[in-house]
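Using the sequences and the hints, build the whole thing.
One line per chain: the protein sequences are S and R, in this order. Numbering follows my numbering, in which position 160 of the first sequence is assigned residue number 686; successive positions increment by one, without gaps. Numbering follows my numbering, in which position 71 of the second sequence is assigned residue number 597; successive positions increment by one, without gaps.
Read the hints as simulated data drawn from the structure, not as lab findings. Everything hinted at is true.
Below 20 Å or equal to it, Euclidean Cα-Cα: the simulated DMTMM-like pairs (lysine to aspartate or glutamate) are:
hint, chain 1, residue 1, chain 2, residue 2
1, S, Lys710, S, Asp672
2, S, Lys652, S, Glu636
3, R, Lys664, R, Glu636
4, S, Lys713, R, Asp718
5, R, Lys713, R, Asp534
6, R, Lys713, R, Glu636
7, R, Lys538, S, Asp534
8, S, Lys710, S, Glu685
9, S, Lys651, S, Glu636
10, R, Lys611, S, Asp718
11, R, Lys713, R, Asp688
12, S, Lys605, S, Asp672
13, S, Lys538, R, Asp718
14, S, Lys538, R, Glu535
15, R, Lys538, S, Asp718
16, R, Lys538, S, Glu535
17, R, Lys713, S, Asp718
18, S, Lys611, R, Asp718
19, R, Lys605, S, Asp718
20, R, Lys595, R, Asp554
21, S, Lys605, R, Asp718
22, S, Lys605, S, Glu636
23, S, Lys611, S, Asp672
24, S, Lys538, R, Asp534
25, S, Lys538, S, Asp607
26, S, Lys611, S, Glu692
27, R, Lys605, R, Asp672
28, R, Lys713, R, Glu535
Number of protein chains: 2
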Amino acid sequence: MRYHKIPDETIKRMPTYLRGAMRLSEQDVKSISSKELAALLGVNPWQIRKDFSYFGEFGTPGVGYNIEKLLTHIRKILKLDVVRKAALVGAGNLGSALLAFPRFGTYSLEIAAAFDIDKRKIGKKKHGVLIENISAIKTLGQRSIDLGIISVPRGAAQEIADKLVEAGIRGILNLSPQHVTVPKNVKVITIDIAKGLARLPYYV
Amino acid sequence: MRYHKIPDETIKRMPTYLRGAMRLSEQDVKSISSKELAALLGVNPWQIRKDFSYFGEFGTPGVGYNIEKLLTHIRKILKLDVVRKAALVGAGNLGSALLAFPRFGTYSLEIAAAFDIDKRKIGKKKHGVLIENISAIKTLGQRSIDLGIISVPRGAAQEIADKLVEAGIRGILNLSPQHVTVPKNVKVITIDIAKGLARLPYYV
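Structural data, given as structure tokens:
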């Protein structure tokens, strides 16, 4: 089956649906209505129906969505039906926390390499992952690692993005506050925790 | 000046504009065009013009936006013109990383309290912040702290959200993968780093 023209906003919600389906599967739930799933995940039922419509009809009226089919579809769409390896650049406080993150495995994601410039860190393991010299980024292409995570200070982010792209990385999670410029065939997702907190007072 | 009816999506971009304006101010730049600002921040110029139009006209045709006015406006809108204090719940790997986060201060945000259930952590300081027993959350109302950060495992997230709301917290940054339910007058912003990485392979 081919999937096409799925909007970014739908893709953004997919990991939430996947996580929900995984939890329901663990609880041996066989099917769920869009209404129930919506309540569980905190999204709108119509949003779920709209999003799921992009990958064909597999809901049964009056019964709901089959959980196992849902899992299979979403994993295929997100290309998480195989383990995806990521390289972390920057093993500071946030980077180290990510190395210990139990949640990545849930999505078949694995941080398979970590890089830093700090000589006191290089050669040592953190949470089971060896910290390598940043110059070794160029070996990533030969190591079946195609995702990169930038967790370095703002000033170094663009340089690291360039190095990752040069090494053949096509997907980057940027956790630095710096907007990074990459070629069109590379996807960057930026998550800035400080900016998340910074827009809360507006609502308080 | 009163600002009203600003869409959530505009508020979402505001911290990025604020950060950009701060950097330009540090570099002694007096004014900037929407086009230049767009290139710097990686957003569309029309988006900037649209977003800024919500808080009145202060751009000058041919000259651009006055940086100092921009800073004043955005800080007022985001209510970041005074220091805003946040309480962190969960001083694990990610929580501890946040205590060391230099970026919060940039936005006049301060983690002024931290809570955990781990007796080995309680009573000790991490990055200058005392870790308190989780039972002390109820004292937050009297401590001028009105923001909360949830950095606990999924299973505990809803309970912590309830405790924060009970203590009078009206804005919550939820870093757990659990959707939390709160009263209508409480704002929750959820950031899930694992979900960010999980949607990257789709594009690769």
